[in-house]
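Enquirer: Use these hints to put chain B onto chain A, whose structure you have.
Top to bottom, those sequences are chains A and B. For the first sequence, our numbering gives the first residue as 1, with consecutive numbering after it. For the second sequence, our numbering gives the first residue as 1, with consecutive numbering after it.
Warning: the hint list may mix true and false statements.
Straight line, CA to CA, 20 Å or less: simulated DMTMM-like cross-link-like pairs of lysine to aspartate or glutamate [said to hold, decoys possible]:
1. B:K84 x A:E169
2. A:K63 x B:D85
3. B:K137 x A:E169
4. A:K52 x B:E194
5. A:K312 x A:E295
6. B:K115 x A:E162
7. A:K64 x B:E26
8. B:K84 x A:E162
9. A:K110 x A:E313
10. B:K106 x A:E218
11. A:K64 x B:D85
12. B:K115 x A:E313
13. B:K24 x A:D62
14. B:K137 x A:E162
15. A:K63 x B:E15
16. B:K24 x B:D166
17. B:K137 x B:D85
18. B:K106 x A:D62
19. B:K115 x A:E295
20. B:K137 x B:E28
Note that these hints are calculated values from the structure, not bench results. Predicted model, so just to flag it, every value in this text is computed and none were measured.
Chain residues, written in single-letter form:
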Amino acid sequence: MTKYFAHIRMVAGALALAVVVAMSAPAVAQQPSSVNPNASAVQEQQLMQQLKVIQGLGTIPDKKSYVLEHPAGRDWREFHNVTLRWIGGIVIIGMIVLLAIFYMWRGSMKLRTGFSGTTILRFNAFERFVHWLTAVSFVILGITGLNITFGRVLLLPWMGPEAFSTWSEWAKYSHNYLSFAFTIGVVLMFLMWVGENFPTAADVEWMKEGGGMFDKEEKTHPPAWKFNAGQKLLYWFVILGSIAMMISGYMLMFPFYGGLTVGNMELAEIFHGVVGVLFVSLILAHIYLGTLGMEGAFDAMSDGNVDVNWAKEHHSLWYEEEMGSGRARARGAMRPAE
Amino acid sequence: MARMKFLCDADRCIECNACVTACKNEHEVPWGMNRRRVVTLNDGKPGERSISMACMHCTDAPCAAVCPVNCFYTTADAVVLHSKDLCIGCGYCFYACPFGAPQYPKVGNFGSRGKMDKCTYCAGGPEADGSKAEYEKYGANRLAEGKLPLCAEMCSTKSLLAGDGDVIAQIYKERVSRRGYGSGAWGWQTAYHETIAT
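This is chain A alone, in the form it adopts within the complex:
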């Protein structure tokens, strides 16, 4: 009997299951017949408009590869190939033209009182070493940097692809490694001259008279300390410009460190390029005034001694101070330890 009931139970269970399955089957079939699997799918144009960059997930360790599309590279290309070349061309050629016009009009600034033959120490050996360390590395950094932007247009057709590539590779390495020499030079220059580069009352007067640069009669000589207002401006432009170049430059040298994105790298390159060409243009003016533009000025950085008359005319306050402290120095020289 129990066997019979068990059999019935099994049949009933099977029937119940069949009913459940039969009833649930139509529910599945009730879904709409034509499904658009794209109804909720990501759309390229929509993402592009919203985000400017399309990023997802990948399966390889290189996280940069998770960026699917980054069309902003096109703006950077426009900057690098067109804008930067225009800015660089205008500020550098413009500065050369300005200096040439200035030279033709003004000529070399002469010493009104002539050379006395007596000299005074303006920059000691350490100051000159720091200046030339910075200067030589700057010139090489400038040329190799300009090569990246202008070399393809100016040098490549003339040198040919193989020679130009070899030169550019060396230029790149020089640029990267000399940045350290330049950084050390600028840091030393900052520490060494910062005290003498704070604005003083004399600077206001100097600026008002344009430093006497525009007086062909050489009669205008506003008093100045060791550095006149123009030199102080140059000093602060060099310090601030160098900081800007170092930050953007080291970002480019250590690409994608600390989560930097392609966008950050592009910005660093834009910043580095613009500040770089302005820097080159500024230093062209500095080179002009230190050599061709002013009689007796180059001595200060060659052997460090300038003519006393030059010092009196261009840096009268500094000269008086030096003559005052010169006696102090002479006394110092009599220290027994020497």
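Expert: Structure of chain B alone, referenced to chain A:
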């Protein structure tokens, strides 16, 4: 001559990464570099899509435009290739590329990224077709053998299409009209300044 293009049908890609593996194997791409990769958008959410991406061999390629040593060239098939002998490893092509295609063998500090490597559309480089030097620098040259890129050939769902742009666009259009939906040819607007009207 044909205008070669890639087209990834995102509605078919199943993120199997066979294209990535095929590419790495065919060209013996070194560890750490990927000429092709699969990116998944909205991973795990409704509307998730995966797209296989490599160099798209752009019209008016940005990499070629910004290269400071002009090491890129475009073949008669409109494939964008480059010379590793001329490349100085500056990394600018990566900044310009909309698809993150350029790869570098070294980490990149001090500008020592090494020679850039990217998808060649299985078309090698400037060296003689099929030469040992070409293989060592750029991998296999399947195009010279009359074969299409291996990634697309291997694709299990035929999501990734390679070939003449007009032909693969036609295939894609027919697919879309048959199944009734399509999320478009990813990257085409950026790479080729055109889309496929579906």
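Enquirer: For every hint, state whether the structure bears it out.
Expert: Status of the hints after comparison with the structure:
no.: 1; hint: B:K84 x A:E169; verdict: holds, 12 Å
no.: 2; hint: A:K63 x B:D85; verdict: violated, 28 Å
no.: 3; hint: B:K137 x A:E169; verdict: holds, 19 Å
no.: 4; hint: A:K52 x B:E194; verdict: holds, 18 Å
no.: 5; hint: A:K312 x A:E295; verdict: holds, 14 Å
no.: 6; hint: B:K115 x A:E162; verdict: holds, 15 Å
no.: 7; hint: A:K64 x B:E26; verdict: violated, 23 Å
no.: 8; hint: B:K84 x A:E162; verdict: holds, 11 Å
no.: 9; hint: A:K110 x A:E313; verdict: holds, 10 Å
no.: 10; hint: B:K106 x A:E218; verdict: violated, 59 Å
no.: 11; hint: A:K64 x B:D85; verdict: violated, 26 Å
no.: 12; hint: B:K115 x A:E313; verdict: violated, 57 Å
no.: 13; hint: B:K24 x A:D62; verdict: holds, 15 Å
no.: 14; hint: B:K137 x A:E162; verdict: holds, 17 Å
no.: 15; hint: A:K63 x B:E15; verdict: holds, 17 Å
no.: 16; hint: B:K24 x B:D166; verdict: violated, 28 Å
no.: 17; hint: B:K137 x B:D85; verdict: holds, 9 Å
no.: 18; hint: B:K106 x A:D62; verdict: holds, 13 Å
no.: 19; hint: B:K115 x A:E295; verdict: violated, 50 Å
no.: 20; hint: B:K137 x B:E28; verdict: holds, 10 Å
Hint compliance for this structure: hints 2, 7, 10, 11, 12, 16, 19 are not met, and every other hint is.
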